[in-house]
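Peer 1: Heads up: the sequence lines are chains X and F, in that order.
When you line the first sequence up against the working numbering, it's residues 3 to 292, in that order.
When you line the second sequence up against the working numbering, it's residues 569 to 834, in that order.
One thing to keep in mind: the hints can contain errors.
The calculated SDA-like cross-link candidates involving lysine to any residue, where the alpha carbons are at most 25 Å apart (straight line), are [said to hold, decoys possible]: (1) X:K197 x F:S722; (2) X:K197 x F:G618; (3) F:K588 x X:M99; (4) F:K588 x X:S47; (5) X:K197 x F:K601; (6) X:K197 x F:L721; (7) X:K194 x F:L821; (8) F:K588 x X:P104; (9) F:K588 x X:R145; (10) X:K194 x F:W833; (11) F:K588 x X:G156; (12) X:K194 x F:S619; (13) F:K588 x X:R106; (14) X:K51 x F:H719; (15) X:K51 x F:A814; (16) X:K197 x F:E831; (17) F:K601 x X:Q111; (18) X:K194 x F:H719; (19) X:K194 x F:L721; (20) X:K194 x F:D828; (21) F:K588 x X:E153; (22) X:K194 x F:K601; (23) X:K194 x F:A814; (24) X:K197 x F:H719; (25) X:K51 x F:L721; (26) F:K588 x X:K194; (27) X:K194 x X:S47.
What the simulated footprint calls covered on chain X by chain F, stretch by stretch (three residues with Cβ under 8 Å from a Cβ of chain F suffice, anywhere in the stretch; the number is not a length) [what the hints assert, rightly or not]: (28) 51-63; (29) 189-196; (30) 282-290.
No lab work stands behind these hints: they were computed from the structure.
The C-beta atom is built at its ideal place from N, Cα and C for all residues, glycine as well.
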Amino acid sequence: MSFLSISNLSVRIAGTTTRLLRDVALSVSPGEVHGLVGESGAGKSMIGKAVLGILPRSVEIISGQIELDGTDLLTLPPAEHRRRIGQSCALIPQDPMTALNPSRRIGPQITDRLVDILGWNRAKARERAVELLHEVHIPDPDRILRSYPHELSGGMRQRILIASAFAAEPKLIIADEPTTALDVTVQKQILKLIKEMQERHNTALLFVTHDLGVVSKICQSLSVLYGGLVVEATDVHGFFRAPSHAYSRALLAATPKYTDPEASLTPVPDAVITEVNAQVDAVDREWRGG
Amino acid sequence: MADLYEVENLHLSLPDMTRKPLFGAAPRIEILKGLSFNIPEGEILGIVGGSGSGKSTLGRALVRLLEPTSGAVRFDGDDVTHLSEQALRPMRRRFQMIFQDPMSSMNPRHRVGRIISAPLRLHGVENAREAAREALDHVGLPRSFETRYPHELSGGQRQRVGIARAIALRPDFILADEIVSGLDVSSQAQVLALLERLVRELGLTLAFISHDLSVIRRLCTRIVVLHHGEIVENEPTAELFDNPRAGYTRELLDAIPLPDPDEPWF
Numbered sequence: 003m004s005f006l007s008i009s010n011l012s013v014r015i016a017g018t019t020t021r022l023l024r025d026v027a028l029s030v031s032p033g034e035v036h037g038l039v040g041e042s043g044a045g046k047s048m049i050g051k052a053v054l055g056i057l058p059r060s061v062e063i064i065s066g067q068i069e070l071d072g073t074d075l076l077t078l079p080p081a082e083h084r085r086r087i088g089q090s091c092a093l094i095p096q097d098p099m100t101a102l103n104p105s106r107r108i109g110p111q112i113t114d115r116l117v118d119i120l121g122w123n124r125a126k127a128r129e130r131a132v133e134l135l136h137e138v139h140i141p142d143p144d145r146i147l148r149s150y151p152h153e154l155s156g157g158m159r160q161r162i163l164i165a166s167a168f169a170a171e172p173k174l175i176i177a178d179e180p181t182t183a184l185d186v187t188v189q190k191q192i193l194k195l196i197k198e199m200q201e202r203h204n205t206a207l208l209f210v211t212h213d214l215g216v217v218s219k220i221c222q223s224l225s226v227l228y229g230g231l232v233v234e235a236t237d238v239h240g241f242f243r244a245p246s247h248a249y250s251r252a253l254l255a256a257t258p259k260y261t262d263p264e265a266s267l268t269p270v271p272d273a274v275i276t277e278v279n280a281q282v283d284a285v286d287r288e289w290r291g292g
Numbered sequence: 569m570a571d572l573y574e575v576e577n578l579h580l581s582l583p584d585m586t587r588k589p590l591f592g593a594a595p596r597i598e599i600l601k602g603l604s605f606n607i608p609e610g611e612i613l614g615i616v617g618g619s620g621s622g623k624s625t626l627g628r629a630l631v632r633l634l635e636p637t638s639g640a641v642r643f644d645g646d647d648v649t650h651l652s653e654q655a656l657r658p659m660r661r662r663f664q665m666i667f668q669d670p671m672s673s674m675n676p677r678h679r680v681g682r683i684i685s686a687p688l689r690l691h692g693v694e695n696a697r698e699a700a701r702e703a704l705d706h707v708g709l710p711r712s713f714e715t716r717y718p719h720e721l722s723g724g725q726r727q728r729v730g731i732a733r734a735i736a737l738r739p740d741f742i743l744a745d746e747i748v749s750g751l752d753v754s755s756q757a758q759v760l761a762l763l764e765r766l767v768r769e770l771g772l773t774l775a776f777i778s779h780d781l782s783v784i785r786r787l788c789t790r791i792v793v794l795h796h797g798e799i800v801e802n803e804p805t806a807e808l809f810d811n812p813r814a815g816y817t818r819e820l821l822d823a824i825p826l827p828d829p830d831e832p833w834f
């Protein structure tokens with residue numbers, strides 16, 4: 003049984019007929035990591051934002067269901083919606099510097115949600131924070147909890163955000179390009195940590211990235227997006243053995259592969275772009291007609 | 569082939585502002601610890617290392633945005649190690665730079681045409697406007713882009729403008745510092761293919777700084793691996809990938825996730 007199940011989700015720029023997400027459907031089960039792959043502007047972050055209810059005001063959801071544990075979030079009153087999200091979901095953001103408040107110490111930034119959402123007292127929340135920092139392999143947690151974000155390295159800050167995401171034992175975590183700002187060796191450590199935490203807590207994880215290399219290492223299934231349309235959704239092994247959509251094949255050919263330089267870093271051919279654009283247009287025509 | 573750059577025992581230290589006492593000078597922190605290597609004409613040199621390895625500092629020392637503490641940097645036979653800004657000025661058009669973040673390296677209030685022609689005007693090139701248009705042709709952007717502002721462009725397009733600005737002066741050498749790390753895979757592939765073509769067409773020598781060895785494999789002829797401000801490996805590309813000698817190179821390679829779910833990685 004999926005924990006998150008999205009069906010038929012369409013989002014448009016408010017007051018226009020321009021859709022940014024086109025009848026998106028996907029689901030993630032507890033313990034599963036689902037990759038959302040696409041180029042910038044494909045709408046992958048938008049799906050995460052729609053789930054968390056943090057879409058910008060300039061866009062609106064026009065159809066679809068976002069079911070969390072069987073309840074359609076979009077039918078709930080806003081306060082109840084927020085409460086559900088707060089209790090069962092968390093976000094690991096892309097940029098660890100802007101996600102942390104530079105003028106507050108690390109400690110309260112982790113414990114706030116435990117106090118506000120779960121109603122814990124400060125002392126218990128702090129104990130949990132120390133435990134979490136141990137779990138994400140941060141030495142000397144007491145010192146770190148008293149530090150400010152600027153005193154820590156990028157990798158360290160990302161560890162803290164991971165600890166903070168897992169703090170309230172969410173059932174679903176959305177990771178939005180969590181390693182793009184890091185260099186390769188740190189990226190590997192962070193991915194390993196996310197995977198380890200996700201498996202230990204049996205969390206459903208929606209992993210947004212443009213890097214198919216990363217997808218192949220940590221996801222079980224994936225959806226490939228183009229122009230807000232899911233062009234291919236499949237399991238990871240099937241995908242890397244034989245991607246079925248031309249656009250997926252082109253993305254895979256554009257991915258750097260040092261073991262096979264000739265077959266990598268090939269720009270997406272214009273013919274493929276034309277083809278997939280035509281597919282998007284056809285979907286839109288049908289939508290307008292219906 | 570003749571060496572365009574000769575770098576000899578290059579040291580560079582910078583003041584460590586995080587440990588500066590209230591009064592008096594900040595202690596100096598050594599970033600580059602005695603580097604020696606050459607860049608032959610026409611070569612595409614990859615400079616690789618993790619964050620804090622000194623790769624950007626090295627790049628900046630090459631194009632003399634930073635002054636080395638000791639050692640020597642010779643460009644086309646001329647010692648540029650400690651040249652004054654005034655003495656450097658006429659040489660600057662021969663070595664140009666493309667920056668990591670095109671958004672912060674372009675004036676958001678200027679149009680693309682002005683951004684590309686600014687260095688041309690600075691160096692007194694006649695008909696700067698036409699030269700800027702030709703640069704746009706070279707990077708595969710329509711000439712109509714000269715009236716656009718940077719924020720109107722996509723990441724890949726902005727990076728093309730950065731490349732156009734660098735080649736407009738017809739330099740001998742270009743330093744590209746992490747220019748594709750902010751782009752997604754398909755723009756990455758396009759920008760790299762463009763760079764590959766320009767190097768061939770314009771007879772450029774290129775230094776390409778990156779933290780990602782997999783991006784460098786196709787482009788570069790030789791690779792220098794930096795770790796804590798020292799060169800741990802300096803090999804032709806194929807040799808480095810087939811037989812990485814330094815433990816740190818091995819570590820960088822192992823950190824790259826190949827798009828293959830069956831390859832054990834963690």
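Peer 1: Each hint: holds or not?
Peer 2: Hint by hint, here is what the structure shows:
Proximity of K197 of chain X to S722 of chain F is assessed by CA-CA distance (about 32 Å); at most 25 Å being required, the pair is judged violated. For the given pair, K197 of chain X sits about 23 Å from G618 of chain F by alpha-carbon distance, which is consistent with the 25 Å threshold. A hinted pair counts as satisfied when its Cα atoms are at most 25 Å apart, and K588 of chain F with M99 of chain X qualifies at roughly 24 Å. As the CA atoms of K588 of chain F and S47 of chain X are separated by approximately 42 Å, the hinted pair breaks the 25 Å bound.
Only pairs whose Cα atoms come within 25 Å are accepted, and K197 of chain X paired with K601 of chain F is rejected, the gap being roughly 37 Å. Restraint check for K197 of chain X and L721 of chain F: not satisfied, since their Cα atoms lie roughly 36 Å apart, outside the 25 Å limit. With a CA separation close to 16 Å, the supplied pair K194 of chain X and L821 of chain F stays within the 25 Å bound. About 21 Å separates the Cα atoms of K588 of chain F and P104 of chain X, which keeps this hinted pair within 25 Å; it holds.
Distance hint between K588 of chain F and R145 of chain X is fulfilled; the C-alpha atoms sit about 22 Å from each other, no more than 25 Å. Note on K194 of chain X and W833 of chain F: the hinted pairing holds, with a Cα-Cα distance of about 9 Å set against a maximum of 25 Å. Restraint check: the Cα-Cα separation between K588 of chain F and G156 of chain X comes to about 22 Å, which is no more than 25 Å; the hinted pair holds. At most 25 Å may separate the alpha-carbon atoms for a hinted pair to count; K194 of chain X and S619 of chain F meet this at roughly 19 Å.
As the CA atoms of K588 of chain F and R106 of chain X are separated by approximately 23 Å, the hinted pair is consistent with the 25 Å bound. About 23 Å separates the Cα atoms of K51 of chain X and H719 of chain F, which keeps this hinted pair within 25 Å; it holds. Annotation: proposed proximity of K51 of chain X to A814 of chain F is violated, straight-line Cα distance about 43 Å (limit 25 Å). At roughly 16 Å between alpha-carbon atoms, K197 of chain X and E831 of chain F fall within 25 Å of each other, so this suggested pair holds.
Distance check on the hinted pair: K601 of chain F and Q111 of chain X sit about 39 Å apart at the alpha-carbon level, beyond 25 Å; violated. With a C-alpha separation of about 36 Å, the suggested pair K194 of chain X and H719 of chain F falls outside the 25 Å cut-off, and the hint is violated. Taking the CA atoms of K194 of chain X and L721 of chain F, the gap is about 35 Å. The hint is violated against a cut of 25 Å. The hinted pair formed by K194 of chain X and D828 of chain F meets the criterion: a straight-line CA distance of about 16 Å does not exceed 25 Å.
Note on K588 of chain F and E153 of chain X: the hinted pairing holds, with a Cα-Cα distance of about 15 Å set against a maximum of 25 Å. Distance restraint check for K194 of chain X and K601 of chain F: the Cα-Cα separation of roughly 33 Å exceeds the 25 Å cut-off, and the hinted pair is therefore not satisfied. The straight-line distance between the Cα atoms of K194 of chain X and A814 of chain F is roughly 24 Å, inside the 25 Å bound, and the hint therefore holds. Between K197 of chain X and H719 of chain F the alpha-carbon distance is near 36 Å, which puts this suggested pair outside the 25 Å criterion.
Taking the CA atoms of K51 of chain X and L721 of chain F, the gap is near 24 Å; set against the 25 Å cutoff, the hint holds. This hinted pair does not check out: K588 of chain F and K194 of chain X have alpha carbons roughly 37 Å apart, beyond 25 Å. Proximity of K194 of chain X to S47 of chain X is assessed by CA-CA distance (about 22 Å); at most 25 Å being required, the pair is judged to hold. Closer than 8 Å: that is the beta-carbon criterion, and the region 51-63 of chain X has 0 residues meeting it against chain F, so the requirement of 3 is violated.
Remark: the region 189-196 of chain X is confirmed as covered by chain F, as 4 of its residues place a Cβ nearer than 8 Å to a Cβ of that chain, reaching the required three. Three residues within the 8 Å Cβ limit are the bar, and the region 282-290 of chain X against chain F gives 0, so the coverage statement is violated.
The structure shown violates the earlier hints numbered 1, 4, 5, 6, 15, 17, 18, 19, 22, 24, 26, 28 and 30.
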